[in-house]
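Could you put the whole structure together from the sequences, leaning on the hints where they help?
Each chain, letter by letter, is given below.
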Amino acid sequence: MKANKKNKATPEQRREFLRTCGRVLAGGAVVSLFGFSFRDVAVWNTTSLWQIDPEKCTFCGRCETDCVLPTSAVKCMHAIKVCGFCDLCGGYYRANVKDLNTAAENLMCPTGAIERRFVEDPYFEYSINETLCNGCGKCAKGCNAFGNGSLYLQIKQELCKRCNECRIAQNCPSGAIRRVSPSEAYVLKGA
Amino acid sequence: MLVPMAIFAQHRFPQPDFESGYVYPERHYFTPAEPFWSYADVAMLVLLMGFVAWAVIRRQVRWPVILVSVISVAYFGFMRAACVCSIGGVQNVALGLVSSSYTIPLFVLLMFTLPIIFTLFFGRVFCAGVCPFGALQELVNVRNYRLSKTVTSVLGVFPWVYLGLAVLFAVTNSRFIICKFDPFVGIFRLGGELPLLLFGVALLVLSIFVGRPFCRFICPYGAILSLFSRVSFMRVKITKKECINCQLCHNACPVDAIRPPYENKVKESRSAGVNRILRYIILLPLVTVAGAVIMYMLSDRLSKVNSDVRLYDMVVQNETRPMEVQPLELQTFYGHGKTVEELAAEVAEINKAFRIWSIVIGAFIGLVIALTLIGLSTKRTRRFYEIDDANCVSCGRCFGYCPQNQLNKK
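As you go down the protein sequences, you meet chains G and U in turn.
Okay, so the first sequence: first residue is 3 according to our numbering, each after it adds one.
Okay, so the second sequence: first residue is 1012 according to our numbering, each after it adds one.
Quick caveat, the hints were computed from the structure, so don't treat them as lab data.
Computed from a prediction, not measured in an experiment: that's the story for all the values here.
There may be inaccurate statements among the hints.
[To be verified] Pairs of lysine to aspartate or glutamate residues, derived as EDC-like cross-links and limited to a Cα-Cα distance of at most 16 Å, are as follows: (1) Lys1191(U) - Asp68(G); (2) Lys58(G) - Glu1340(U); (3) Lys1315(U) - Glu1360(U); (4) Lys1191(U) - Glu167(G); (5) Lys83(G) - Asp1028(U).
[Said to hold, decoys possible] Facing chain U, from chain G, some residues (calculated, C-beta under 8 Å): (6) Arg21; (7) Val32; (8) Gly86; (9) Leu90; (10) Arg96; (11) Ala97; (12) Tyr125; (13) Tyr128; (14) Asn166; (15) Glu167.
Cβ coordinates follow ideal geometry from the N, Cα and C atoms, glycine included.
Right under this line is the structure:
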């Protein structure tokens, strides 16, 4: 009876043994997680940024409304090397306008963010005022339908909050928003 | 009926030949200083956790926890207000482990594992005040109304269910629900979806009177940390001297993690004990299997969270009875020229993944419920007030209440 008791572990010893087992398991889990993750060198890319793939974007207009920010981090960008410098710009004027003047009812942009400057006959240079742009993509849609497609939408990195899950990406009908590494922070068109 | 959209750049007009000597303007885009901020975040995380660990384990003082809470709310909360946080990192890690197309960035991996490593050594020092969510609740908590054991036990299962669902939706590449239903990020960003903002504010108001409702009853990362905290090398002790069973610490604990002394007077006979263990052995697999079966039956409904599955449903509906006004998803789908068969094959894969993972997650949830029940039915004799390592968040409130610690000072 006495010898039996000597061999028997006390509850404290038993608990300590279980804890040790647990520690080994827990440590093993952390180490194996690291080992498993480092099988891929891409792990060294410090973070993930969000960008729109201009090839896939359909300018549906959800970028304007679905960003977590009050004013979307998506802005219109202008690939000026692609632009045709047209006078009758599909991104600047609405379709089938009566007069080609700068009256607001003739212009595509709802916030007046597209500025144009006369270069030489018959060419006009277009630029985007990004503080006014709301990322609705109306101009980009017009430019793609009637012009060279030099206007496109892109996520501005200085505005983007880099949500772990981009809400626009979740609601994008064409799956155009993807993660990129900081070394290629912008997916530019015609660059 | 369906007009494919002009998606690709059309070179309709040639580039102009300027005669006036026009030069194309140079554009430089802002390059984010993300690497720097990632390192800063990791350094901050280690520093703050180390400080809390030193305070609660070596010195048994609370002021550093409050200081760290303020710093964390200011830095991680309002200043960075950015992803990825450790809680959401659960999903990135889960997705990274199963998906070949997604690799976990090192930064996210560190944000996820560093608090776990610290927990394994020092207990849940991350929860104490380094996590801005915990810190925010800690700072507003002034009064502790104790919840009944039934309430805490039932609600305490929810983090595990939430964790299970989050992993399920993450590994199937459907959604990051932890990020979607984050109640506090709207407060830190000073704006967001109204229902979530209201939920966050409600949680904060609640945490004035009840200690850390988010940490205890919602946070899935806290659930993971509680596992590691159970086996941590060093644990928080209320006092270095002997407990005098005064009950003051028990009343002070905001998360109900101090167990009172208990003398198990009921002497259980050997056969009754064997019977009890037998019942456990039957209950455990039974509840586990039940969980797996229930989740398997729900898997088809759960898979609707995936946007491709929803799109396929829409397409099928449209093919049988064409809609007059097509939603954007359908327009884009037909515009891209992917065939319905290709989509069907993809969706079949997703549904299959959902079925398999639902079984795993269901079994996991069942196991947690069974273990909770078993834990409630076992009784352990305690001579003194003891800290429950799984639930203790190292906030250090008990130190100041312990009269033995006060004697120490003089």
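Quiz item: Does Glu167(G) pass the interface hint, meaning its C-beta sits closer than 8 Å to a C-beta of chain U?
Solution: holds, 4 Å
Self-check item: Status of the Ala97(G) interface restraint (C-beta, 8 Å, chain U)
Solution: violated, 13 Å
Quiz item: Was the hint right that Tyr128(G) lines chain U, CB cutoff 8 Å?
Solution: Hint on Tyr128(G): violated, closest Cβ of chain U at ~11 Å, above 8 Å.
Quiz item: Should the hint that Val32(G) touches chain U count as held when the rule is a Cβ pair under 8 Å?
Solution: holds, 6 Å
Quiz item: Does Asp68(G) lie within 16 Å of Lys1191(U) when you go C-alpha to C-alpha?
Solution: With a Cα-Cα distance of about 13 Å, the restraint between Lys1191(U) and Asp68(G) holds, given a limit of 16 Å.
Quiz item: Was the hint right that Gly86(G) lines chain U, CB cutoff 8 Å?
Solution: With a minimum Cβ separation of about 3 Å from chain U (threshold 8 Å), the hint on Gly86(G) holds.
Quiz item: Against chain U, with CB atoms and a cut of 8 Å, does the hint on Tyr125(G) hold up?
Solution: Holds, because the Cβ-Cβ distance from Tyr125(G) to chain U comes to roughly 5 Å (cut-off 8 Å).
Quiz item: Taking 8 Å as the limit, does the beta-carbon of Arg96(G) come near enough to a beta-carbon in chain U?
Solution: violated, 17 Å
Exercise. Report holds or violated for the interface hint on Arg21(G), using the least CB-CB distance to chain U and a cut-off of 8 Å.
Key: holds, 5 Å
Quiz prompt | Interface hint for Leu90(G), Cβ within 8 Å of any Cβ on chain U | solution = This interface hint is violated because 10 Å lies over the 8 Å limit.
Quiz item: Close enough to count: is the Cβ of Asn166(G) nearer than 8 Å to one in chain U?
Solution: holds, 4 Å
Quiz item: Does the structure keep Lys1191(U) and Glu167(G) at a Cα separation of 16 Å or less?
Solution: Distance of about 8 Å is within 16 Å: holds.
In terms of the numbered hints stated before, the structure departs from hints 9, 10, 11 and 13, listed from lowest to highest.
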